Amino acid sequence: MGIVPSSVVLTSFQVMSRVFLIWAVTHSVKEVQTEDSVLLFVIAWTITEIIRYSFYTFSLLNHLPYLIKWARYTLFIVLYPMGVSGELLTIYAALPFVRQAGLYSISLPNKYNFSFDYYAFLILIMISYIPLFPQLYFHMIHQRRKVLSHTEEHKKFE
Amino acid sequence: GKHVEILDAKTREKLCFLDKVEPHATIAEIKNLFTKTQGKSLKDEDVLQKLPVGTTATLYFRDLGAQISWVTVFLTEYAGPLFIYLLFYFRVPFIYGHKYDFTSSRHTVVHLACICHSFHYVKRLLETLFVHRFSHGTMPLRNIFKNCTYYWGFAAWMAYYINHPLYTPPTYGAQQVKLALAIFVICQLGNFSIHMALRDLRPAGSKTRKIPYPTKNPFTWLFLLVSCPNYTYEVGSWIGFAIMTQCLPVALFSLVGFTQMTIWAKGKHRSYLKEFRDYPPLRMPIIPFLL
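So the protein lines, in turn, are chains D and S. Be aware that the first sequence starts at 1, since it is given in full-length UniProt numbering, and climbs by one per residue. Be aware that the second sequence starts at 1, since it is given in full-length UniProt numbering, and climbs by one per residue.
No lab work stands behind these hints: they were computed from the structure. Quick caveat, the model's predicted, so the values are computed rather than measured. Built from N, CA and C at the ideal position, the CB exists for glycine as well. Some hints here could point you the wrong way.
[Stated by the list, open to error] A few chain S residues facing chain D, derived, Cβ under 8 Å:
#1 Val-21
#2 His-24
#3 Thr-168
#4 Gln-246
#5 Cys-247
#6 Leu-248
[Said to hold, decoys possible] Partner residues are not named here, just some residues of chain S that face chain D (Cβ under 10 Å, in silico):
#7 Val-71
#8 Leu-166
#9 Tyr-167
#10 Pro-170
[Unchecked claim] Here are the in silico distance ranges between beta carbons for each label pair:
#11 Thr-103/S / Lys-111/D: 16 to 24 Å
#12 His-150/D / His-136/S: 49 to 57 Å
#13 His-139/D / Ile-186/S: 45 to 53 Å
#14 Leu-75/S / Leu-124/D: 29 to 37 Å
#15 Gly-267/S / His-150/D: 56 to 64 Å
#16 Ile-68/S / Leu-10/D: 27 to 35 Å
Please model the entire structure based on the sequences and the hints provided.
What follows is the structure, given as structure tokens:
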């Protein structure tokens, strides 16, 4: 909303997907909470956010150590796939329990003539990672090239 | 006066050439002159002499990208739902279980719904061919994919449930269906009346714009209260259809349509206000007194 330069759309998307993973998957399907995949995405998100918010804070204070900028635009190369793997594995682990319990699902007949299959929905979500993840990943790589080479140019003139 | 050349800082490309600029003009004034030259697109009917340019007129070409005619888009996006709904109505194979192939629903309301839905889209197709007079010839090509996904997708989603073997008829039975049908029919007649009234505002082949007013047709009296009664009636039709079928996807479709039409109505209302000083102040964009 103007305080930091990130796109509102992309950021909202990321926030929504994280809220979804936490509440609609991990919290809702208790059996999944002991999976290693949960640890995987929690660690990835945590490290990412610590760096990202430090980046924003220092930028706003107009004193951004190169290390933070470097970290923000480099560590994602490992953290992002790590997070995505954790998320996908967690959703995959939740599937049988969702199917068994008919979680969040409505079936016909009912008086509003509507149905929803949460199991199928989760599978669609997993499939959506295929087009979305590469786009976001390569966007970050592109940003990295722009931002980090820019700094080098500036350094040359010092 | 002085000549001022404005170049793009990154590409060094010549963006604009202003001649006869007063020497004591401020940068703000020059910025104004520049944005004016970059302003809204000219119309086909504009006359060269009447344009606000100096001795040399510089026309900027803007590539709008691949275009497609409005008529083509409308026909395609409306023919889809008409056809798709019927696939579900006739329970064509591979949609519902095999034992239901080509069977027919035992509920009257399901047959009624098919008639209403089909009528609605036939009406739209005929209006596109014979009634509407479009301001613009074309729209961007990508719109046809977006629009067809929307119309065809929702049509399939609604049709799936209404024609489902496990469909549940409305809670209040025949009373509910009759009331909803009345709403639907009235709103369809209303919507058509408005389309005709708007067509009569504009002679064939022209692109003139006038303030629409109520005519002898009572359905057009809604013009007293809203700028875009065609949209008001359209929302009403779909609300009627939703009540008639008591189907949540239909209600969702109505909601999404309402949201989009409200955006359009507000835009239209705003341009009416801008273009006509004497625009009736009582009118709201789409919902009398409210929105």
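Q. When the hints from earlier in the document are held up against this structure, which numbers fail?
A. Hints 1, 2, 7, 12 and 15 are the ones this structure does not satisfy, whereas the remaining hints hold.
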